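Asker: These are the residues of each chain, in order.
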Amino acid sequence: MRNRNATAYRFLTPYLLIFAIFWVWPIISSFIISFQATRTVPWRFAPSFNWGRLIGDPAFFNALKNTLLILVIQVPVMIALAMVMAVLLNSPLLKARGLYRFAFFAPVVVGEVAYSAVFRLMFSLDFGIVNKLLNSIGLPKIDWFSNVTPAMALIMIAVTWRWAGYNAIILLAGMQSIPEDVYEAATLDRVSKLKQFFYITLPLLKPVIVFCLVLSIIGTMQLFTEPFLITERGGPGGGTETLGLLLYRQGFRSLNFGYASAVAYTMAGLAIAITLLQLWLTREKQ
Amino acid sequence: MSSLSSARLRRSIALHLFLTPLALIWLFPLWMMVVFSTMPDNGIFSPGIELLPHGNFVDNFNNLQRDTNFVGAIGISVSVAVTYTFLSVLLTSMAGWALARYQFFGKGVVVAIIFGTITLPYAVVLIPQFIMVARDFQLANTWVALIVPPLFNSLGVLFMRQSFSMMPDDLFDAARVEGVKEWRIFVFVALPLARPMLAALAIILFLASWNNYLWPLLINSQPGAMTAPVALGTLIGLTKVSWGGIMAGAVMLTVPMLIVFVLLQRHFIAGIAAGAVK
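Residue numbers (the working numbering), protein chains in the order written: chain R, 14 to 299; chain B, -10 to 267.
Calculated directly from the structure, the hints in this document are not laboratory data.
Rough simulated footprint, nothing fancy, chain B against chain R, three-plus residues with beta-carbon under 8 Å:
{"id": "1", "stretch": "24 to 37"}
{"id": "2", "stretch": "41 to 55"}
{"id": "3", "stretch": "105 to 113"}
{"id": "4", "stretch": "134 to 145"}
{"id": "5", "stretch": "224 to 235"}
In this text, all values refer to a predicted model and were calculated from it rather than measured experimentally.
Positions of the beta carbon are idealized from the N, C-alpha and C atoms, including for glycine.
Model the full structure from these sequences, guided by the hints.
Answerer: What follows is the structure in C-alpha cells.
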C-alpha cells in the first residue's frame, strides 16, 4: 500500500461524484423533505406535518401490516426452500446437476415485468392454467384476484419463485466453502448425514443464512412491482398494498414528496433495525 | 459393500423423486411464458388446457408492436444497458482499485460511508433523485436519466476492491520499479488480471439495467423514451390488449438473458455469490 493522495483521488473521484450526488445527498435530502410540507410553494418546514399524518393514517398502517405479513411468512419459507435446494444440489448422488441448477437458478435472470405478466395470466380466474389444473384434479377454482388472502398468497408465491434460486446460489457457495475434511472426519466417526447437516453445515453457514435473511427482508420490504402489476395496484381494495406501493402513490401519483419521504424513511428505519440485528446475531463470540 | 451401494442407490432415487417435480414446478412459469407467446389470444382465453407451443409467435409480436413500439423500446434498453455496464464497470473498478491499493487521506471515511449505507433501501433516495433529475436538471425522458443516476451502485466497488486487494504486491511493485505510471499499471496489469471478476460484474450490472423497472418507469414515462420493461408494463392491465403480444414481449426480454445465463453460468453464479463474501 502506498500513500498517494493525488493518485488515489484521481481513480476515486469519478465514482465518488456520482455516489455523492445520487446516493449520499439524496439520503440526507429525503430526511429533510420528510419534515417539510411539500404541497405549498415554496415548501415550508413543518416538523409534524408528514410524520403526524403518518401515525394517524390507516392507509399507512394497512401498507405496513401487509408488508410485515409478507415478510414474516414469505421470507422464512423462501429461505427454507432455498436451503433445501442448495443441500440437494450439493449432493454427490445427484445426476444431471446442470438441468436442476438451470431450473432453480433461471428465475434469477427473469425481469419483474415479464414474470409479473406470466403470473397474472397463469392465475386468472376462468382461463388461468393454475385454476384449470386445480379443477382437473377435482379441486375448486380459487379467485386469486378478488379476495385478499389468495391475492396475498399469490404475491408470496410469485416472489418466492423469483428469489428462492438466488438465495440458493448464495447458500450453495457458502456450503462449498466449508472444508471437505470436516465432513470426512464426521463420516469416519459414523455421524449420520442428517446430524452432519444440523451440527456442521447449519452452524458454519449461520453468517451466510443471516446475510440471505437480511438481503431478502430488505428486498421484500420494498416490494413494488408485484403488487403493482400482478394484483393491479395493490388490489383487491388495498389488500396487497405495500409500503413501496404507498410511496409510489403518494410520491408520484399525488406528487406529495414530503409524505412519501416519511414513508421511505419508515422503510429505512426498519432496514437499519434489521441490519443492527444482523450485526448482533453474527458478532464474534468472546 | 453391496448393501452400502444399494442404500446409496435408494437415497439417490429418493433424491431425484423429490427434486424432479420441484424442478418442473420451477420451470413451469417459464415454459408457460413460451407457450402463451405462441398462442392466439382466443386460445389463451379458452377453457381447454394447453401445455404445448403453437405457431402464433409472429402474429403475437405484430400485435405487440401495434400496442406499443416495442422494437424501439428494446433498442433503448439495449443501448442503455450496454452503456451503463461499460461506465459502471469502469467507475467501480477504478474506485475499487484506489481503495484496495493506496493509502490516502479520508480513506476511512469513504469506506465507512459506503459500508454504512449499503443496506439502506433504494426507496430512500428515489424521491430526491427524481426531483433532482426531472426538475433541477430537466433530464426526464433522456438516456442520461436512465444511465447516470443508477451508477451510484456501490456493490461493484466493494467487489472490485476485494478482487484487487487479493492480488500480490510484487506484481505491481515490479512495474513501479521500471517507472511505469500508476494508470498504466491499472489498465495493463491489474485489469487483465481481474478479467474473470470484471466479467462477473459486467453480467450482473447488465442484467440489473436490462430488468430495471421502477426508476425508468418514473423518469422516462413518455412513450418514445420508455425502456422495454416499462413499455411492456404499460400494457398489463389494459382491457383491450393482446396478451399473446405481452407474452411475446416477455419472451423477448427473458430468452436472451436465459441464453447468456446458460453460456456464462460460472460468471453469473460468481457474481451473485460475491454479494455474500463481503
